[in-house]
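Asker: Residue numbers (my numbering), protein chains in the order written: chain A, 1 to 521; chain B, 1 to 87.
Hint data in this document are derived by calculation from the structure and do not stem from the laboratory.
Predicted model only: the values in this text are computed from it and were never measured.
Please note: incorrect hints may appear among the correct ones.
[Said to hold, decoys possible] 25 Å max Cα-Cα, derived SDA-like pairs, lysine to any residue:
id	chain 1	residue 1	chain 2	residue 2
1	A	Lys475	B	Phe54
2	A	Lys416	A	Asp234
3	A	Lys475	B	Thr27
4	A	Lys114	A	Arg480
[Stated by the list, open to error] Restraint-style ranges between C-beta atoms, simulated for each label pair:
id	chain 1	residue 1	chain 2	residue 2	range
5	B	Glu34	A	Glu520	29 to 35 Å
6	A	Gly349	B	Glu56	30 to 36 Å
7	B	Thr62	A	Asp494	52 to 58 Å
8	B	Ala33	A	Pro300	30 to 36 Å
9	A	Leu235	B	Gln58	39 to 45 Å
10	A	Leu235	B	Glu56	18 to 24 Å
11	B	Pro64	A	Arg250	19 to 25 Å
12	A	Ala471	B	Ala33	17 to 23 Å
13	B	Pro64	A	Ser301	46 to 52 Å
14	A	Arg320	B	Pro64	31 to 37 Å
15	A	Gly409	B	Thr62	45 to 51 Å
16	B	Ser45	A	Met406	28 to 34 Å
17	A	Val352	B	Ser45	38 to 44 Å
18	A	Gln358	B	Pro64	52 to 58 Å
The beta carbon of each residue, even a glycine, is placed where N, CA and C say it ideally should be.
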Amino acid sequence: MTTVTEVSPLVATVLSFDPAGGDQPAICTRDRSVSYAELRRHVLGLSDWLRKSGCRPGDRIALYLPKTLETIEIILGVLAAGAAYVPINPTLPTDNVQQLLRDVQPFMLITDRKAGVRLLEAGACAGTKVATIGAGADLGLELASQGDAGNPPGPAAGFEDLAVILYTSGSTGVPKGIALSHRNVMSFVDWAAQTFAISSADQITSHAPLHFDLSTFDIFCTLSRHGTVHLIDDLTAKFAGAVRGLIEARRISVWYSVPTALMQLQERDALKGLSSLRVILFAGEVFPTAALRRVMNALPSPQYANLYGPTETNVCTYYRLPGIPAADDEALPIGVPCEHLDVSLRDAGGNVVADGAQGEICVTGPGVMRGYWNRSELTQATRLLDRDDSYRTGDYAYRRGDGMLMYAGRRDQQVKVRGHRIELLALEAALNAHDDIKESVAVVAIDAQGLTRLQAFLVPRRTNAAAAAPAAITKFLAERLPAYYQPDRIEWLDEMPRTSSGKCDRATLLSRAQENFRQER
Amino acid sequence: MEKTKANPEQVEKKILYWLQEVGGKATDKPITAETELLDGGVLDSVGILNLVSFLEEQFGFTVPFEEFVPENFKTTASITAMVARLG
Chain A
1 MTTVTEVSPL VATVLSFDPA GGDQPAICTR DRSVSYAELR RHVLGLSDWL RKSGCRPGDR
61 IALYLPKTLE TIEIILGVLA AGAAYVPINP TLPTDNVQQL LRDVQPFMLI TDRKAGVRLL
121 EAGACAGTKV ATIGAGADLG LELASQGDAG NPPGPAAGFE DLAVILYTSG STGVPKGIAL
181 SHRNVMSFVD WAAQTFAISS ADQITSHAPL HFDLSTFDIF CTLSRHGTVH LIDDLTAKFA
241 GAVRGLIEAR RISVWYSVPT ALMQLQERDA LKGLSSLRVI LFAGEVFPTA ALRRVMNALP
301 SPQYANLYGP TETNVCTYYR LPGIPAADDE ALPIGVPCEH LDVSLRDAGG NVVADGAQGE
361 ICVTGPGVMR GYWNRSELTQ ATRLLDRDDS YRTGDYAYRR GDGMLMYAGR RDQQVKVRGH
421 RIELLALEAA LNAHDDIKES VAVVAIDAQG LTRLQAFLVP RRTNAAAAAP AAITKFLAER
481 LPAYYQPDRI EWLDEMPRTS SGKCDRATLL SRAQENFRQE R
Chain B
1 MEKTKANPEQ VEKKILYWLQ EVGGKATDKP ITAETELLDG GVLDSVGILN LVSFLEEQFG
61 FTVPFEEFVP ENFKTTASIT AMVARLG
């Protein structure tokens, strides 16, 4: 049987606890929980089962699973076995899953029965072992792993070994895997735990999906400090009343999410009087100041912090709000560099810009990814010269007089909508694949609340022909792209506006979209 | 003066129309009053918010957070019952 000292760095602290604290719940869902003592047993059992199945350090285990208690246990079991976990967005269509599996070449795919059958029937798992888990409370995998103490444990992973690959969609729609080592994740976890004084007394929600980097805080920061993580399932997350109910009943002390989730609570007046919350962290997109002020006015007592950073570095700068911003048009800083990283603003030549000037945010330190999986050239293109632990973010910022970094936009066509990274070109490419569509342009506009929204403009292939209903387009897209690529609004045009040079006039479309969203209630 | 309560049949019809023709996700089977809206995938998170905006506009109330829970959005019937409570 694997012992705690043989497991990998990220899991060792989770499984080493004061025996008196073994009864404390580690992970809770709406109706179930697992204690630290049980968690240790399950994780070591899973680790043994994986090793017996032939899993070796350095192997990848892909997880196509909803965020459940068992999924978190499997993540820890995979890490304990010295392997790396690859969380696949559970809403990803079969084609994308297949593409991703081809890229990651996992030793094994773990999924539930229904999805497993679907993937196998589609031939999406060629060459990959598939393990499925049951729908009940008991973990089929864990049962299979009981007994046999004579198995010699393989060497555990070290700090520099791969821990997780987080996938985002790349510029051609081909998935791009961000490979993070144990050190990468741990340096962030240690920074966050120290900065926000996370302890075993903390009750922390897990709001973000597991393929989002925000989830590394929820899981590893909470469990390494022996607090309790409360998983917010998909259904609960959709309903402000249910989320509030959970915060109240579980006495949640720390919340971390995209701004939208907090805004939705505030809009239903579901934040007032939530006295247990001491820290509220947000990241993933810009929090419109007007909306943040409404949130803070509804619930002024917690400490609020704006966390900034791409998945490649996890959080690299942070801003603790000293109080409620004075005005709606006050820009929210991204703050100061995290203590474990070096953050500089540089010009195209890689030189640090003069104080106050705008430059590309460049990050160096132990939090910076090992690289993009199987994309060494792309990885090299994002490095500063001679620094393998550096990342040029493609985001721009300037330093204000008081030392605060201020975000100034992105370099390329990648945009973020509701916290998800979206490539407009990939959306247009998918739309253009529809039979009824001759041409498409996707734009992001800011609505009356300051939120980023997505609109698609379409030109029909046949004039006078009845164009497909928005629902049909939505269905078409759902088969090709992740759910977050769905436009908030679809509009048919007779033809695209053109500039004098004959190019599509995106500026006109953008202001038209802007107008549409601003007129919304 | 007492507010006139909306007729439950009318309410249900309006909700069904919205789900079938406006904001519900297309599914294999036609949407009826008993269709599971949340498990069945008819209503996603954006759909729920749009439906609530529609109800608030149609019936002139605000859905408080106490009512903004999954149980009230399981089927057209449960939504109709909620509208009757709030209307």
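Asker: With reference to the structure, classify each hint as holding or not holding.
Answerer: For each hint, the structure was consulted:
1. Between A/Lys475 and B/Phe54 the CA atoms are separated by roughly 22 Å; this keeps the pair inside 25 Å, and the hint holds.
2. About 21 Å separates the Cα atoms of A/Lys416 and A/Asp234, which keeps this hinted pair within 25 Å; it holds.
3. A hinted pair counts as satisfied when its Cα atoms are at most 25 Å apart, and A/Lys475 with B/Thr27 qualifies at roughly 10 Å.
4. Of the supplied pair hints, the one linking A/Lys114 and A/Arg480 holds, its CA atoms being roughly 20 Å apart against a limit of 25 Å.
5. At roughly 32 Å, the beta-carbon separation of B/Glu34 and A/Glu520 lies within the given 29 to 35 Å, and the hint holds.
6. Between A/Gly349 and B/Glu56 the beta carbons are some 55 Å apart, a value that contradicts the proposed interval 30 to 36 Å.
7. Taking 52 to 58 Å as the suggested C-beta distance range, the pair B/Thr62 and A/Asp494 does not conform, at roughly 40 Å.
8. Between B/Ala33 and A/Pro300 the beta carbons are some 44 Å apart, a value that contradicts the proposed interval 30 to 36 Å.
9. Taking 39 to 45 Å as the suggested C-beta distance range, the pair A/Leu235 and B/Gln58 does not conform, at roughly 25 Å.
10. A/Leu235 and B/Glu56 have their C-beta atoms about 22 Å apart, which keeps the hinted 18 to 24 Å range intact.
11. Checked against the hint of 19 to 25 Å, the C-beta distance between B/Pro64 and A/Arg250 comes to roughly 21 Å, which is consistent with it.
12. For A/Ala471 paired with B/Ala33, a C-beta distance near 20 Å keeps the hint of 17 to 23 Å intact.
13. At about 22 Å, the CB distance of B/Pro64 to A/Ser301 disagrees with the hint of 46 to 52 Å.
14. At about 32 Å, the CB distance of A/Arg320 to B/Pro64 agrees with the hint of 31 to 37 Å.
15. The given range of 45 to 51 Å is broken by A/Gly409 and B/Thr62, whose C-beta atoms sit roughly 36 Å from each other.
16. At roughly 31 Å, the beta-carbon separation of B/Ser45 and A/Met406 lies within the given 28 to 34 Å, and the hint holds.
17. Restraint check, A/Val352 to B/Ser45: a C-beta distance of roughly 43 Å satisfies the suggested window 38 to 44 Å.
18. Separated by about 45 Å at the C-beta atoms, A/Gln358 and B/Pro64 break the suggested range of 52 to 58 Å.
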